[in-house]
Amino acid sequence: MLNPMAMTGRTILVTGASAGIGRETALLLSQLGGQVILVARDRSRLEETHSLLVGTGHRIESRDLSMLDEIPNWLQQITTETGPISGLVHCAGMQMLIPLRQVTAVQVGTMMNINLTAAIMLARGLRQKGVHALPASIVFVSSVMGIVGATGRSVYSSSKGALIALAKSLALELSKDGLRVNCVAPAFVKTAMLEQMQELTATAQFEAIESAHPLGIGQPRDVANAIAFLLADTGRWITGTTLVVDGGYMAS
Amino acid sequence: MKRVEFLKLLDELLELEPGTLRGNEALDSIPWDSLALIGFLAMADAHFGLVLTAKDVLKCESVADLMKLIGDRISN
Chain L
6 MLNPMAMTGR
16 TILVTGASAG
26 IGRETALLLS
36 QLGGQVILVA
46 RDRSRLEETH
56 SLLVGTGHRI
66 ESRDLSMLDE
76 IPNWLQQITT
86 ETGPISGLVH
96 CAGMQMLIPL
106 RQVTAVQVGT
116 MMNINLTAAI
126 MLARGLRQKG
136 VHALPASIVF
146 VSSVMGIVGA
156 TGRSVYSSSK
166 GALIALAKSL
176 ALELSKDGLR
186 VNCVAPAFVK
196 TAMLEQMQEL
206 TATAQFEAIE
216 SAHPLGIGQP
226 RDVANAIAFL
236 LADTGRWITG
246 TTLVVDGGYM
256 AS
Chain Y
2 MKRVEFLKLL
12 DELLELEPGT
22 LRGNEALDSI
32 PWDSLALIGF
42 LAMADAHFGL
52 VLTAKDVLKC
62 ESVADLMKLI
72 GDRISN
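Quick mapping for you: the protein sequence lines, in order, are chains L and Y.
In terms of our numbering, the first sequence opens at residue 6 and continues consecutively.
In terms of our numbering, the second sequence opens at residue 2 and continues consecutively.
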């Protein structure tokens, strides 16, 4: 039987692999036959992810992505050991719920650094000769909040919307290098980040958010499936776009 | 932080003139809405390092209740 999303012989780097969408993406990629480089700050949670993966040849890289300008060299060092990689997925990120009247430039900077600038530097790193195999594919995890908005989400929305724009320019610039670049835009997915958000939101409001999803709150596997689709040969002719994975949230 | 400073922070959060709040007001008598709730959670984190939940704050009915949440980080 054919598996059009097979990842055999391909190595993918996944940031945010310690939890949530990143962890589930790493697991799925290993189930599809791929090798995964697991990146996050928390080594012990990376080791948990590693223990869930199937197959061998996976690698843990405990790394704080805030060392932004060092990211390209770091990717080069890794791939001298692993060989060229077939793609990367940027799942690492943070969320914030804050009224505009309290927003500071420092908060905007912090959010942009991890959600956006790290993504740019990862792409810059992957583009280098010897770092990427051919073909290679980049996926950024954006959000429906990069397309529609919500009160208290000005900073978060900005960072996620930026990824959508980033994917378009990078898709054009990197196509001759053999790299495809896309985003996924999930709505609300059952992860620790969502639980954190739930703590900050009144029950009535959270229930309203849940009911705004015709298909209910998503599971990490729902987003991982979309990411793998874009990374694998199934995404061969897809670049510069954003795949919305939202349980119908944006249909109304 | 002194009580009077906390009240000024709260004035600022609710976009009231500094010195408006005395500390005994019922929340439904001041401009306290869902944005104020989000803002209060952010304020508790930023100024006091306290990670409160919406449930904690929703139990409050007065400014005095909000101060109780912050606890001994506010002195008289």
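Hints are supplied without guarantee of correctness; some may be wrong.
Examples of chain L residues toward chain Y, derived with CB under 8 Å [to be verified]: (1) Q100; (2) P104; (3) G157; (4) I214.
Hint data in this document are derived by calculation from the structure and do not stem from the laboratory.
Glycine is no exception: its CB is placed at the ideal position from the N, C-alpha and C atoms.
To see whether the hints hold, each was checked on the structure:
| no. | hint | result |
| --- | --- | --- |
| 1 | Q100 | violated, 13 Å |
| 2 | P104 | holds, 5 Å |
| 3 | G157 | holds, 5 Å |
| 4 | I214 | violated, 13 Å |
Figure legend: structure checked against the earlier numbered hints; hints not met, in rising order: 1 and 4.
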